[in-house]
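Enquirer: Sequence:
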Amino acid sequence: MAYKFVDNYREKGARKKLVTQLRDDRKIEDKRVLEAIGRVPRHFFFDETFWNQAYKDIAFPIGEGQTISQPYTVAYQTQLLHVNEGDKVLEIGTGSGYQTCILLELGAKVYTIERQEKLFLRAKLFLSKMGYTAEFFCGDGSKGIPAHAPYDKILVTAGAPFVPDIMLKQLKIGGTMVIPVGDEKTQKMITVIRVSETDYERIELDTFRFVPLVGDQAW
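Numbering (the working numbering), first residue to last: 99 to 317.
Treat the hints with caution; some may be incorrect.
[As the list claims (entries may be wrong)] Under the rule of at most 16 Å between Cα atoms (straight-line distance), these lysine to aspartate or glutamate pairs were calculated in the EDC-like manner:
| id | residue 1 | residue 2 |
| --- | --- | --- |
| 1 | Lys207 | Asp238 |
| 2 | Lys154 | Glu109 |
| 3 | Lys283 | Asp297 |
| 4 | Lys270 | Glu302 |
| 5 | Lys125 | Asp304 |
| 6 | Lys267 | Asp297 |
| 7 | Lys267 | Glu233 |
| 8 | Lys114 | Asp155 |
| 9 | Lys270 | Glu299 |
| 10 | Lys129 | Glu203 |
| 11 | Lys186 | Asp250 |
| 12 | Lys186 | Glu203 |
| 13 | Lys222 | Glu233 |
| 14 | Lys110 | Glu127 |
| 15 | Lys241 | Asp263 |
| 16 | Lys125 | Asp155 |
| 17 | Lys286 | Asp314 |
| 18 | Lys270 | Glu295 |
| 19 | Lys186 | Glu162 |
| 20 | Lys114 | Asp145 |
| 21 | Lys286 | Glu302 |
| 22 | Lys241 | Asp314 |
| 23 | Lys267 | Asp250 |
| 24 | Lys207 | Glu233 |
| 25 | Lys154 | Asp123 |
| 26 | Lys267 | Glu302 |
| 27 | Lys270 | Asp250 |
| 28 | Lys115 | Glu162 |
| 29 | Lys216 | Asp238 |
| 30 | Lys154 | Glu203 |
| 31 | Lys270 | Asp185 |
| 32 | Lys207 | Glu183 |
| 33 | Lys207 | Asp250 |
| 34 | Lys186 | Glu233 |
| 35 | Lys129 | Glu183 |
| 36 | Lys216 | Asp263 |
No wet-lab data here; the hints were simulated from the structure.
Work out the full structure: start from the sequences and follow the hints.
Expert: Here it is as structure tokens:
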């Protein structure tokens, strides 16, 4: 990936330490996910004043009441998706665009939607400057993007009160959705696999805390 920003030795070293932490301390096992995180300069998504925060395993405000997700959360969700080269992936909640970059580094064709217009415009312009290509949409992500369905994978990066049926119907048979579901304070990470036209397998995993998913099919 040909970046158009300064990615100096200090930041590369900090990123390498973060990847080691995710692997050794946080037990992220997917080598491809770790390599993708190692390639994306997370500090590019921060004001230069806060570059010292970029490679800490924390979420960080990006404006409009949203955050760039904690690296562990990004790694955890992405690992659950099992993204293959060429997968068509729907991302609900573009936010900063950092998670979008990780998916693109894994070879996915990404359709990403953000309800906050300022974040949508910022991410679309910024990722283009970084040399990434994705399909960006501004709107109610709780309804997915039916016009471009079906998808191999769907990733929801905000906490939902339930799994929206309209999203489930946009999954291919054999496809996987990863979505945090719960109340507005904490959620359980849920993996949903579409087994047939009418049947889904649901697996409940660890507890997280996300900003709420807002829309017609959410809060």
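Enquirer: Next step is simple, just say for each hint if it's right about the structure.
Expert: Comparing the hints with the structure gives:
| no. | hint | verdict |
| --- | --- | --- |
| 1 | Lys207 to Asp238 | violated, 20 Å |
| 2 | Lys154 to Glu109 | holds, 12 Å |
| 3 | Lys283 to Asp297 | violated, 30 Å |
| 4 | Lys270 to Glu302 | violated, 20 Å |
| 5 | Lys125 to Asp304 | holds, 13 Å |
| 6 | Lys267 to Asp297 | holds, 11 Å |
| 7 | Lys267 to Glu233 | violated, 20 Å |
| 8 | Lys114 to Asp155 | holds, 13 Å |
| 9 | Lys270 to Glu299 | holds, 13 Å |
| 10 | Lys129 to Glu203 | holds, 13 Å |
| 11 | Lys186 to Asp250 | holds, 5 Å |
| 12 | Lys186 to Glu203 | holds, 13 Å |
| 13 | Lys222 to Glu233 | holds, 9 Å |
| 14 | Lys110 to Glu127 | violated, 21 Å |
| 15 | Lys241 to Asp263 | holds, 9 Å |
| 16 | Lys125 to Asp155 | holds, 13 Å |
| 17 | Lys286 to Asp314 | violated, 21 Å |
| 18 | Lys270 to Glu295 | holds, 9 Å |
| 19 | Lys186 to Glu162 | violated, 28 Å |
| 20 | Lys114 to Asp145 | violated, 21 Å |
| 21 | Lys286 to Glu302 | holds, 7 Å |
| 22 | Lys241 to Asp314 | holds, 7 Å |
| 23 | Lys267 to Asp250 | holds, 12 Å |
| 24 | Lys207 to Glu233 | holds, 8 Å |
| 25 | Lys154 to Asp123 | holds, 13 Å |
| 26 | Lys267 to Glu302 | violated, 20 Å |
| 27 | Lys270 to Asp250 | holds, 6 Å |
| 28 | Lys115 to Glu162 | violated, 30 Å |
| 29 | Lys216 to Asp238 | holds, 14 Å |
| 30 | Lys154 to Glu203 | violated, 21 Å |
| 31 | Lys270 to Asp185 | holds, 11 Å |
| 32 | Lys207 to Glu183 | holds, 9 Å |
| 33 | Lys207 to Asp250 | holds, 10 Å |
| 34 | Lys186 to Glu233 | holds, 11 Å |
| 35 | Lys129 to Glu183 | holds, 14 Å |
| 36 | Lys216 to Asp263 | violated, 28 Å |
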